[in-house]
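Protein chains in written order, with the numbering used here: chain A, 1 to 269; chain B, 270 to 538.
Since the hints were made in silico from the structure, they are not lab data.
One or more of the hints may lead you astray.
Straight-line C-alpha distance at most 27 Å; calculated DSS-like pairs for lysine-lysine [claimed, not checked]: (1) A/K115 to A/K188; (2) B/K339 to B/K381; (3) B/K384 to B/K457; (4) A/K188 to A/K112; (5) B/K457 to B/K381; (6) B/K313 to A/K112; (7) B/K381 to A/K44; (8) B/K384 to A/K44; (9) A/K44 to A/K70; (10) B/K313 to A/K115.
2 protein chains.
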Amino acid sequence: MCELLGMSANVPTDIVFSFSGLMRRGGETGPHADGWGIAFYEDKGCRAFHDPRPSARSEVARFVRDTPIKSRIVICHIRRANRGRIALENTHPFQRELWGRPWSFAHNGQLKGVKRWRLGAYCPIGSTDSEHAFCWLLDALRARFAAPPSDRELAAAVEELARRLAALGVFNMLLSDGRSLFCHCSTKLAWLTRRAPFGPATLVDADLAADFEQETTPDDVVTVVATRPLTRDEAWTVMEPGSCVVFRQGNRVTLPRRRAAPVTRRKAA
Amino acid sequence: MCELLGMSANVPTDIVFSFSGLMRRGGETGPHADGWGIAFYEDKGCRAFHDPRPSARSEVARFVRDTPIKSRIVICHIRRANRGRIALENTHPFQRELWGRPWSFAHNGQLKGVKRWRLGAYCPIGSTDSEHAFCWLLDALRARFAAPPSDRELAAAVEELARRLAALGVFNMLLSDGRSLFCHCSTKLAWLTRRAPFGPATLVDADLAADFEQETTPDDVVTVVATRPLTRDEAWTVMEPGSCVVFRQGNRVTLPRRRAAPVTRRKAA
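Based on the sequences and whatever the hints tell you, model everything.
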């Protein structure tokens with residue numbers, strides 16, 4: 001299993017505090033020592049840092065921890081390999097472009113048999129079932145929408161496709177197109193929205209506390225999503241297994257209700 | 270105009286020495302202050318560092334300079350914007366996947382009218398003509414080869430497509446699929462292969478010298494490609510305008526001769 005960390009905010013925000021806690025789980029306070037990666041969205045672009053080394057001992061991770069990169073959406077993953085050897089090409093988050101948007105995807109879990117699902121435009125570079133699932137998901141979106149749909153339609157489609165993948169096993173997922181942060185929980189995922197009045201927070205994994213009131217304005221909204229709560233003194237929402245949430249600009253977006261299957265009407269004979 | 274730096278080697282090699290010279294041209298010894306990026310190939314994977322800040326003052330560039338990342342292929346670019354604002358999404362090298370390979374592309378020059386060329390599977394994220402050209406080139410390769418062709422066929426196809434792009438203006442290009450380093454020269458590109466017996470080298474841009482004999486084995490072959498020679502005491506080969514060279518494992522690969530257009534035979538009446 002791996003650990004996930006995501007962020008959605010309405011102002012460019014650095015994730016140094018949360019990342020400081022998570023990186024210690026990569027070989028120090030946790031066993032996720034098989035590489036790690038993080039993607040930062042900035043305007044229309046996205047840049048990522050990947051390292052197949054344990055995050056707790058990674059020079060790149062130390063650099064990311066010590067360099068406040070401001071971003072509105074972040075997806076981070078520390079890996080404990082089950083499928084696919086320890087290698088750069090198997091290190092999440094995976095990235096592809098669709099509709100001129102940079103997509104990023106990180107996954108915790110296993111998907112039995114997903115590699116037998118046929119792919120189209122996208123092809124995995126590495127050998128994980130996660131990257132195969134990501135390619136399948138983007139192929140399905142591309143087949144359904146030739147041009148980008150509304151954020152609302154897209155969220156509904158992602159939710160439906162995530163459910164189909166989750167039926168194969170465990171699918172805790174963070175996904176973004178640079179506009180929304182899509183989160184699917186199979187077994188473990190929790191989130192927390194920080195907004196005014198901001199208070200203090202203390203990390204579970206490190207002897208580190210922050211007082212967000214010092215660093216924020218009253219309009220800031222910042223949501224953090226993680227496999228397990230990262231702080232000990234804030235009220236995290238633990239997601240229901242099988243549920244999906246979507247965040248945009250730090251706020252939770254209400255997903256359209258799934259419609260019941262349409263009833264076929266017959267003409268009167 | 271921008272500056273390019275590439276490397277092809279037969280053993281994982283760090284590019285710290287050459288990069289130290291190049292990054293100073295990004296706002297210090299040169300005017301290329303509109304962002305920079307570098308892609309490192311490691312096994313089947315590729316990781317990149319991008320920063321829209323000037324390389325001479327970039328914390329990420331300092332980190333890359335001080336951290337020897339060993340790689341067989343490197344593509345680096347420092348930007349002086351002409352088309353497309355200074356932004357992360359307009360920062361080279363651009364990256365896409367084709368046939369399960371991570372492709373990287375960096376360009377120096379301008380391509381008048383390229384944005385009117387129709388695209389298919391790939392779509393630009395930013396607004397540069399360079400990224401549009403890259404998307405067009407990969408679309409053309411995808412249309413021509415459903416599965417990856419031989420390295421030889423691929424090199425011939427890249428050369429032909431590069432010539433078509435170069436007809437629109439200035440197209441100095443570095444491109445890689447993780448196996449080969451493809452280089453096209455419109456106006457300015459030079460290369461140098463280091464192999465035994467290795468000697469000393471002194472940078473043009475910084476007060477820095479290296480003695481490669483201390484860091485290499487007799488079997489190492491390392492080629493460096495750059496817009497302008499980076500060292501003052503080595504014999505660089507300046508490429509001919511309109512020419513293409515391909516390197517694999519540090520060695521120059523002979524490209525197939527272009528065939529003359531086939532003569533149409535008419536049946537005798």
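Status of each hint after checking the structure:
Restraint check for A/K115 and A/K188: the C-alpha separation of about 23 Å stays at or below 27 Å, so the hint holds. Simply put, B/K339 and B/K381 have alpha-carbon atoms about 37 Å apart, too far for the 27 Å limit, and the pair is violated. Of the supplied pair hints, the one linking B/K384 and B/K457 holds, its CA atoms being roughly 23 Å apart against a limit of 27 Å. For a cut-off of 27 Å, the pair hint linking A/K188 to A/K112 stands: about 18 Å separates their Cα positions.
The hinted pair formed by B/K457 and B/K381 meets the criterion: a straight-line CA distance of about 18 Å does not exceed 27 Å. With a CA separation close to 24 Å, the supplied pair B/K313 and A/K112 stays within the 27 Å bound. Taken as a hint, the B/K381 and A/K44 pair is honoured in the structure, with Cα atoms around 24 Å apart against an allowance of 27 Å. This hinted pair checks out: B/K384 and A/K44 have alpha carbons roughly 19 Å apart, not beyond 27 Å.
Distance check on the hinted pair: A/K44 and A/K70 sit about 14 Å apart at the alpha-carbon level, within 27 Å; holds. At roughly 19 Å between alpha-carbon atoms, B/K313 and A/K115 fall within 27 Å of each other, so this suggested pair holds.
In this structure, the one hint that does not hold is number 2.
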